[in-house]
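A.B. asks: So you can see what is in the structure, the chains are spelled out below.
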Amino acid sequence: MLEEIGKTEEGDLIINIGPQHPSTHGVLHLVITLNGETVKKVEPHLGYIHRSIEKMSESLSYRQFIYATSRMDYLSSHINNHGCALCVEQGLEVEIPERAQVIRVLMGELTRIASHVLWWGALAMDVGAITPFFHAFRERELLNDLMEETCGARLTMNYMVPGGVMFDLHPNFQRRVHEFISMFKSKIGEYDELVTNNAIFINRMKGVGYISREDAISYGCSGPVARASGVSCDIRKLYPYDIYGKVQLEEVLDDGGDCYARYIVRMKEMQQSLSVIEQLIDNIPSGDHMAKTKAVLKLPKGEYYSRVETARGEFGVYIVSEGKMTPYRIKYRSPGFSNLSAIDHMARGQKIGDLVAIMGSLDLVIPDIDR
Amino acid sequence: MALFLEFVIAGLLCIGLFAILGLVLVLMERKVSAYMQIRLGPNRVGPKGALQTLADTLKLLSKEGLTPRGADRFLFNLAPFVAMIGTMLLLAPIPFAKGFQLWDINIGVLYISAVSSLAVISILLAGWASNNKYSLLGAMRSGAQIVSYELSAGLSIIAIVVLTGSLSISDIIASQADGWWIFKGHLPVWIAFVTFIIAVTAETNRAPFDLAEAESELTAGFHTEYSGMKFALFFLAEYINIFIVCAIGAILFFGGWMPFHIGNWEGFNRIMDYIPSSVWFFGKTFFLIFVIMWFRWTFPRLRIDQLLNLEWKYLLPISMVNVLLITLVAILGWHF
Chain A
1 MLEEIGKTEE GDLIINIGPQ HPSTHGVLHL VITLNGETVK KVEPHLGYIH RSIEKMSESL
61 SYRQFIYATS RMDYLSSHIN NHGCALCVEQ GLEVEIPERA QVIRVLMGEL TRIASHVLWW
121 GALAMDVGAI TPFFHAFRER ELLNDLMEET CGARLTMNYM VPGGVMFDLH PNFQRRVHEF
181 ISMFKSKIGE YDELVTNNAI FINRMKGVGY ISREDAISYG CSGPVARASG VSCDIRKLYP
241 YDIYGKVQLE EVLDDGGDCY ARYIVRMKEM QQSLSVIEQL IDNIPSGDHM AKTKAVLKLP
301 KGEYYSRVET ARGEFGVYIV SEGKMTPYRI KYRSPGFSNL SAIDHMARGQ KIGDLVAIMG
361 SLDLVIPDID R
Chain B
1 MALFLEFVIA GLLCIGLFAI LGLVLVLMER KVSAYMQIRL GPNRVGPKGA LQTLADTLKL
61 LSKEGLTPRG ADRFLFNLAP FVAMIGTMLL LAPIPFAKGF QLWDINIGVL YISAVSSLAV
121 ISILLAGWAS NNKYSLLGAM RSGAQIVSYE LSAGLSIIAI VVLTGSLSIS DIIASQADGW
181 WIFKGHLPVW IAFVTFIIAV TAETNRAPFD LAEAESELTA GFHTEYSGMK FALFFLAEYI
241 NIFIVCAIGA ILFFGGWMPF HIGNWEGFNR IMDYIPSSVW FFGKTFFLIF VIMWFRWTFP
301 RLRIDQLLNL EWKYLLPISM VNVLLITLVA ILGWHF
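Respectively, the protein sequence lines represent chains A and B.
All residue numbers for the first sequence refer to the working numbering, where the first residue is 1 and numbers rise by one.
All residue numbers for the second sequence refer to the working numbering, where the first residue is 1 and numbers rise by one.
Don't take every hint at face value.
[To be verified] For each label pair, taking beta carbons as the anchor points, the in silico distance ranges come out as:
1. B:K313 x A:D215: 30 to 40 Å
2. A:D192 x B:S117: 36 to 46 Å
3. A:E10 x B:N131: 12 to 22 Å
4. A:L13 x B:V291: 28 to 38 Å
5. A:E43 x B:L102: 50 to 60 Å
6. A:E43 x B:N131: 21 to 31 Å
7. A:K185 x B:K313: 54 to 64 Å
8. B:Y35 x A:R175: 49 to 59 Å
9. B:N309 x A:S232: 30 to 40 Å
10. B:L58 x A:K185: 41 to 51 Å
11. A:K187 x B:R44: 26 to 36 Å
These aren't lab readings, by the way, just hints derived from the structure by calculation.
Owing to the predicted nature of the structure, the values given are computational and were not obtained by experimental measurement.
Idealized CB from N, CA, C, for every residue including glycine.
Chain A extracted, bound-state conformation (with noise of 0.2 Å):
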């Protein structure tokens, strides 16, 4: 591939998809090769939103480097800071308390629901329909409201620390995820009769795209690509954490390949984070919302791995630390970054329109590519 890069031949148009256009929401820049309709190559050029945050943690402890994750995949926030909570907690060897699990497992799935209410507007926009976008923000305005009263934050949540969460839920909580759980599932139908069965948009998205099982692991697909390619690769299950393993959860998988494989992946996830919400939100136990940490926390010298279940995929957190108060070395294992590389492989012989269609299945969150 890389001898290819900047090669053209005659009768070639190559345009710049980015990065300030309305479909890949962000800055993500694409440089593409076009005969005609056709898409010829797709390079995907990253590095408008780097903002070092790997680099920057190096100079921050280990309860300060947590915030500058929210900021990564601000889509799921929660779960971000989920994972890099799991990665310190593992070095300290503390026990967390049971409530502070339910806690943040209940806090993950919303956020998942949130992150799929989002992207199914999005995606819906991408293909030319504005109206899903609206109804989309409906939904997820009620998950940021609720997250707002015990978070303090609607996007950069901040709310989960080592060895625990930060506050104990507001009063509210309970009853206000009732009141969600009861509206999504009035309005879950509508996404269907708006959208799903829509004739034109079953067209832009059956077959297009499409990823072999082989080639998603090669490259390194995890989260919903990865399962829509039939790889099971669902960390909630493989490797519980939290109170995962206890609760009921079934993989979604399909073996379509295409955009509308990957669609009816996330359509069907968002049941089952609803269900997990329910099988939790009446059974969250008593006691402390936090284990017991010291004011300064200094994790042994050695190597720690954590990994979580994003609404994008696999997001793995890697510190090296030498015994000191700041980590020697983080690196993180983003979702979007290895769902993105997929891009010229599934766009290649497709028409522009399908490209936009494959950019919004990819659910691409651009913080997230480009740290």
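Take the given structure of chain A and dock chain B to it, following the hints.
C.D. replies: Same frame as chain A, now just chain B:
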């Protein structure tokens, strides 16, 4: 002299109607979309936001009309005017009420089909002259699209022409005095009507066939480089085009200004006659406009190959067979 004065007055009225329709339709689009998207829509300028589009127009008037470097200056600046002139010419043969027609030409329907093809020239000019790749792609898409869909639109118009036996718009309306064609013509007219609505939605570049603009793919398609009033002219022309195609739909299938009449129910027909003919015309037209807006805010966009497949593999063969059917109906006198 008197003739000249008449032309000036008619021209000014045409421009006035053009502007007012633009303002009303843009506001209507925004209100309809807001209603479908659980929003309020414009509600600050004037009562219930009624003056919002006026404020927008003033803003656009005061903006700089940029011409990008490397663009073909002459063609670039010409394109919006071609779009507008083409649209204004279409206003001439449309009867807005009983006896209220600027130009009762005896080949009105043919004139409309011919002049409406001018729209593609302005889009091609704009896309080519902008010296922008997005614009060029949008223009080429639109060229393929408009030329294809004109066939189905034309064939569904022919269906009514066959039934009426006349190309004159006033004759077509007069033939619907005892009932609109949509009721008199059985299934073939329904097929023609559905084909017509799909084809004109595509011809006016409206979603789900807005591939020439395709916001999420080509940013703004053929008018990416336009700003200020030049952009506004394209925008206006698009909305007036919608009005005109819906007016034609109303004339051909719903009887234009003709009130709702049932056979020889004298009393009922007379009550219907009390409603002014302009109300009938605008009511029908705006209903069709609402339907086209409904499409836009509900459906995703088609892909370019699916768009052309729809026309050449489905709509065109269906409307060809339909013309045969209609001819059969007309010859055998099966319609009411």
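A.B. asks: For each hint, tell me whether it holds in the structure or not.
C.D. replies: For each hint, the structure was consulted:
| no. | hint | verdict |
| --- | --- | --- |
| 1 | B:K313 x A:D215: 30 to 40 Å | holds (32 Å) |
| 2 | A:D192 x B:S117: 36 to 46 Å | holds (40 Å) |
| 3 | A:E10 x B:N131: 12 to 22 Å | holds (20 Å) |
| 4 | A:L13 x B:V291: 28 to 38 Å | holds (37 Å) |
| 5 | A:E43 x B:L102: 50 to 60 Å | holds (56 Å) |
| 6 | A:E43 x B:N131: 21 to 31 Å | holds (24 Å) |
| 7 | A:K185 x B:K313: 54 to 64 Å | violated (40 Å) |
| 8 | B:Y35 x A:R175: 49 to 59 Å | violated (31 Å) |
| 9 | B:N309 x A:S232: 30 to 40 Å | holds (37 Å) |
| 10 | B:L58 x A:K185: 41 to 51 Å | holds (47 Å) |
| 11 | A:K187 x B:R44: 26 to 36 Å | holds (29 Å) |
Hints 7 and 8 from the earlier list are contradicted by this structure; the remaining hints agree with it.
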